[in-house]
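Number of protein chains: 2
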Amino acid sequence: MTDTQQQIVLASRPSSAPVDANFRLETVALSAVGQGEVLVRVQYLSLDPYMRGRMNDTKSYADPVPIGGVMEGMGVGEVIASNDPGFQPGDFAMGGFGWADHGCLPAKKLRKIDPALAPVQTSLGIIGLPGFTGWYGLTALGKPKAGETLVIGSATGAVGTLVGQWARLLGLRVVGVAGGAEKCAYAVEKLGFDACIDYRGKTAEALATELKVACPDGIDIYWENTGGPLTEAVIEQMNGFGRMILCGMIAWYNEKPKPDAENLLPKFWRNILVNRLSVQGFIISDHWDQLQSFVAEVAPRIAAGDITYRESITEGLETMPTAFMGMLEGKNFGKTLVKL
Amino acid sequence: MTDTQQQIVLASRPSSAPVDANFRLETVALSAVGQGEVLVRVQYLSLDPYMRGRMNDTKSYADPVPIGGVMEGMGVGEVIASNDPGFQPGDFAMGGFGWADHGCLPAKKLRKIDPALAPVQTSLGIIGLPGFTGWYGLTALGKPKAGETLVIGSATGAVGTLVGQWARLLGLRVVGVAGGAEKCAYAVEKLGFDACIDYRGKTAEALATELKVACPDGIDIYWENTGGPLTEAVIEQMNGFGRMILCGMIAWYNEKPKPDAENLLPKFWRNILVNRLSVQGFIISDHWDQLQSFVAEVAPRIAAGDITYRESITEGLETMPTAFMGMLEGKNFGKTLVKL
Numbered sequence: 001m002t003d004t005q006q007q008i009v010l011a012s013r014p015s016s017a018p019v020d021a022n023f024r025l026e027t028v029a030l031s032a033v034g035q036g037e038v039l040v041r042v043q044y045l046s047l048d049p050y051m052r053g054r055m056n057d058t059k060s061y062a063d064p065v066p067i068g069g070v071m072e073g074m075g076v077g078e079v080i081a082s083n084d085p086g087f088q089p090g091d092f093a094m095g096g097f098g099w100a101d102h103g104c105l106p107a108k109k110l111r112k113i114d115p116a117l118a119p120v121q122t123s124l125g126i127i128g129l130p131g132f133t134g135w136y137g138l139t140a141l142g143k144p145k146a147g148e149t150l151v152i153g154s155a156t157g158a159v160g161t162l163v164g165q166w167a168r169l170l171g172l173r174v175v176g177v178a179g180g181a182e183k184c185a186y187a188v189e190k191l192g193f194d195a196c197i198d199y200r201g202k203t204a205e206a207l208a209t210e211l212k213v214a215c216p217d218g219i220d221i222y223w224e225n226t227g228g229p230l231t232e233a234v235i236e237q238m239n240g241f242g243r244m245i246l247c248g249m250i251a252w253y254n255e256k257p258k259p260d261a262e263n264l265l266p267k268f269w270r271n272i273l274v275n276r277l278s279v280q281g282f283i284i285s286d287h288w289d290q291l292q293s294f295v296a297e298v299a300p301r302i303a304a305g306d307i308t309y310r311e312s313i314t315e316g317l318e319t320m321p322t323a324f325m326g327m328l329e330g331k332n333f334g335k336t337l338v339k340l
Numbered sequence: 001m002t003d004t005q006q007q008i009v010l011a012s013r014p015s016s017a018p019v020d021a022n023f024r025l026e027t028v029a030l031s032a033v034g035q036g037e038v039l040v041r042v043q044y045l046s047l048d049p050y051m052r053g054r055m056n057d058t059k060s061y062a063d064p065v066p067i068g069g070v071m072e073g074m075g076v077g078e079v080i081a082s083n084d085p086g087f088q089p090g091d092f093a094m095g096g097f098g099w100a101d102h103g104c105l106p107a108k109k110l111r112k113i114d115p116a117l118a119p120v121q122t123s124l125g126i127i128g129l130p131g132f133t134g135w136y137g138l139t140a141l142g143k144p145k146a147g148e149t150l151v152i153g154s155a156t157g158a159v160g161t162l163v164g165q166w167a168r169l170l171g172l173r174v175v176g177v178a179g180g181a182e183k184c185a186y187a188v189e190k191l192g193f194d195a196c197i198d199y200r201g202k203t204a205e206a207l208a209t210e211l212k213v214a215c216p217d218g219i220d221i222y223w224e225n226t227g228g229p230l231t232e233a234v235i236e237q238m239n240g241f242g243r244m245i246l247c248g249m250i251a252w253y254n255e256k257p258k259p260d261a262e263n264l265l266p267k268f269w270r271n272i273l274v275n276r277l278s279v280q281g282f283i284i285s286d287h288w289d290q291l292q293s294f295v296a297e298v299a300p301r302i303a304a305g306d307i308t309y310r311e312s313i314t315e316g317l318e319t320m321p322t323a324f325m326g327m328l329e330g331k332n333f334g335k336t337l338v339k340l
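Protein chains in written order, with the working numbering: chain H, 1 to 340; chain Y, 1 to 340.
A hint or two may mislead.
For chains that are exact copies, the list does not tell them apart, and a pair is met inside one copy or across any two.
Stated by the list, open to error - Below, computed lysine to aspartate or glutamate pairings styled on DMTMM-like, alpha-carbon distance capped at 20 Å:
1) 339 with 114
2) 267 with 232
3) 108 with 78
4) 267 with 57
5) 143 with 286
6) 109 with 232
7) 212 with 236
8) 202 with 63
9) 202 with 329
10) 109 with 84
Derived by calculation from the structure, the hints in this document are not laboratory data.
Please construct the entire structure, taking both the sequences and the accompanying hints into account.
Listed below in structure tokens is the structure:
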């Protein structure tokens, strides 16, 4: 057993898109395992778009990562030492270890993972936070009804995968938007979406034209993962009493306001009013109480093959920054993980 | 009894703010009173911001007024002939007569008004559509809780008057925004608002500075009547889980998109997400089933003096266009009515 751990810290804040110099790999001594604590050797680390927000020094729903602090994130791995009766060496645990190959956390901040239920890394994806986000947001906020039309960007991402497949199971028409022909084919052929539009190189006007074909009855639910031109294209096609679920806006995470852009707000505001839309921002961590219901409902459907998923895995802690930067540009395909 | 009526029709569509030439006064023969119909001599006509939308030839929740068509609107007056057993001459009735001094409508499209309950013209204001809009939106969509802070533009308008006073009765801190010192003094002294900010000549930044003083605990509910710089000033001060109720946006009704304006949408979208805001567009005509509950709840509070109101009345059908254009510029003070 090693007595050091490797970790990646925030070396500096990005001015727009993150670059290598914003990250630094460090080796530090392993923490001593205090009373009630559990030491985990991490096997998989999750990469998620929300991490981009933590790199900014601005008010958000969570504090920013301080300069020199370990980048935040969730991981899953094997318990190698425990000072808590709830965990034994050999157990699998998931928690917020950060971008590090080991993590020592209080037992109450860990979730025990059953490796017999599904591969342990799915606790970071389809039956982890991204899947839970999709399930909760769709069912509790989207109020989906059979026959309605749902549009989702980042269709083949970790959240979109679950949202779209679950909506199909509920009888909705599902139109995805993704980057590139391969992802679009996957969304239709493997995930069972009714259509998938390739957004690459298209303006809001061009996307609107394709959406009108794919959504002949308009759009009832828009799952907002992306922002950008897709959002512009969608707003004019929302049906009365439609629901817009704001979960992320990856296209805008790296963007500064454009002083020369058309002012879109009046158009959006007017559509929200005229069509009686509801727009609901949400953060899944407000809804932990629903997590067990989610796992109980969704895990069996994955085991039964009704819900599929895909992973985009690189190996080695040092690949985290590159994989993260690629994900923000849409280079990943499925749930982005790093295997240690 | 006259055999003609006067009415104002839409002569042409405005390109931005309406002008006199967009309206034309006509004299036409009175309609014959058909089976089940009721003829009303109108005493008061209502002027409301939504009428601006009807002048545009664009998709909205209601059809536009056609060129040459009578301008839409609600009025109240005395029944002078009836072919329906539910109405007798001498009764008072409210309905969508348009901008006209007489109206002949099916009885089922009229609401009988009890002149003993309150002055008949209040059926167009504080206990009519504007008051109902405020009551329904605040209670059903705003989900107000004692101790929270509510901000409302057009504070002394027909809707704002009811929203602010009702919120005060429910124990909220109420901050109004209005045009000019006289309206602001009225909001605080007569309507009992905790503060009122004069928006005239102020940028979004200046309004934000004043809002921070008036709302030391942030903003929980924003009643959107106005759009414009106030909306920009509010968004950054919304508390987590705040509610934005989109009822109108009078500042934007006459406005074309500004190609040189800062693109506000990403900022708004980000705040909605990060603060888990809900934004709900609504149109009161979806909620007629609640009208009787509203009248039953609010009318006694008006009679008791807990809720006050103010009217801005001009005389003569020919004053409708000028009074309407003035209202869009904020020149009215209270519910805008024209007495015939």
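Verification of the supplied hints:
no. : hint         : verdict
1   : 339 with 114 : within (18 Å within a copy, 75 Å between copies)
2   : 267 with 232 : both (9 Å within a copy, 14 Å between copies)
3   : 108 with 78  : within (16 Å within a copy, 72 Å between copies)
4   : 267 with 57  : between (30 Å within a copy, 16 Å between copies)
5   : 143 with 286 : both (18 Å within a copy, 19 Å between copies)
6   : 109 with 232 : neither (40 Å within a copy, 39 Å between copies)
7   : 212 with 236 : within (10 Å within a copy, 34 Å between copies)
8   : 202 with 63  : neither (35 Å within a copy, 33 Å between copies)
9   : 202 with 329 : within (15 Å within a copy, 40 Å between copies)
10  : 109 with 84  : within (12 Å within a copy, 72 Å between copies)
Taken one by one, the earlier hints fail for this structure at numbers 6 and 8, listed in ascending order.
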